[in-house]
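Q: Listed here are the chains, written in short residue letters.
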Amino acid sequence: MSHPGGTDDIEDADPGLAAERTELAWTRTAISFAAVGAALLRRHPLAGIPVLALSLLIWQLGRLPGSRGTGRAHTRRLQLITAGVTGIALAALVITLASGWE
Amino acid sequence: MSRADSPGSPEPSPGSPDPAGAAAGGEEREPDARFTWANERTFLAWSRTALALVVGGLAVAQLLPSFPGVPGARHIIGIPLIMLGAAIAVLSYTEWQANQRALRRGEPLPRSRLPRLLAGTIAVIALLATALALLSAVTSHP
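Protein sequence lines correspond, in order, to chains A and B. Take 374 as the starting number for the first sequence in my numbering and just add one per residue. Take 12 as the starting number for the second sequence in my numbering and just add one per residue.
Hints are computed from structural coordinates only; laboratory data are not their basis. Keep in mind that a hint or two might mislead.
Stated by the list, open to error - Here are a few chain A residues that face chain B, going by a calculated C-beta distance under 8 Å:
#, residue
1, Ala391
2, Ala392
3, Ser405
4, Ala412
5, Arg415
6, Leu419
7, Leu430
8, Trp432
9, Arg449
10, Leu451
11, Thr459
12, Ile461
13, Trp474
Backbone N, C-alpha and C define an ideal beta-carbon position, used for all residues, glycine too.
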């Protein structure tokens with residue numbers, strides 16, 4: 374949780390590790406979206422194709438070098454993820470409610 | 012979740028400059044990039060959790076065989092999971108915002124409400140699923 378001491382932390386010697394972990398987290402997120410898109414593709418291609426496209430976009434955004442501050446573009450990237458998950462949730466609700474109640 | 016996924020306490024790193032008059036109330040400055048990244052990774056981890064909940068709910072409603080004798084049982088289990096995923100997606104963004112604000116002001120990080128929400132709702136859904144499975148077993152085998 375907290376950084377004990379701080380001076381022994383390997384990140385102080387190589388702060389690039391934190392950036393790399395963050396890029397890997399973006400890649401994991403993109404893979405998650407791609408898996409969801411692929412799973413939807415067979416039965417619901419109308420939902421699967423946009424999700425696959427979104428996963429490609431997230432993968433690209435995660436590789437964006439530099440300008441990683443808290444600027445507007447940065448906030449937009451995170452808003453895109455939230456909008457993507459809530460959009461998929463809405464689609465899932467529609468698909469579920471449209472299927473038979475048995 | 013590893014230590015790296017939590018922002019931790021926002022103590023300034025040894026090398027970061029301390030601008031004059033930083034103690035003045037309400038002053039904001041960019042936090043150490045590592046804290047910004049950690050906050051971002053936490054947000055991404057919660058977003059993946061939300062996505063998994065949505066897909067899990069959809070899979071329950073679409074792929075599970077129907078519970079004999081209990082109409083709508085799969086919907087009763089699946090729809091709350093999907094809603095929980097949507098709620099976590101939105102809340103993880105608002106918590107990212109709150110954490111980022113606290114980091115800029117050098118204030119203590121607000122306590123996250125997400126673990127309690129996730130654990131509580133999953134427990135309720137698990138009890139619900141157990142009750143539905145038992146009900147189905149009782150009504151279909153008299």
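Q: Does each hint fit the structure? Answer for all of them.
A: Now the hints, each set against the structure:
| no. | hint | in the structure |
| --- | --- | --- |
| 1 | Ala391 | 4 Å, holds |
| 2 | Ala392 | 7 Å, holds |
| 3 | Ser405 | 5 Å, holds |
| 4 | Ala412 | 7 Å, holds |
| 5 | Arg415 | 11 Å, violated |
| 6 | Leu419 | 14 Å, violated |
| 7 | Leu430 | 14 Å, violated |
| 8 | Trp432 | 13 Å, violated |
| 9 | Arg449 | 12 Å, violated |
| 10 | Leu451 | 6 Å, holds |
| 11 | Thr459 | 5 Å, holds |
| 12 | Ile461 | 6 Å, holds |
| 13 | Trp474 | 5 Å, holds |
Violated hints, in rising order: 5, 6, 7, 8, 9; the structure is consistent with all others.
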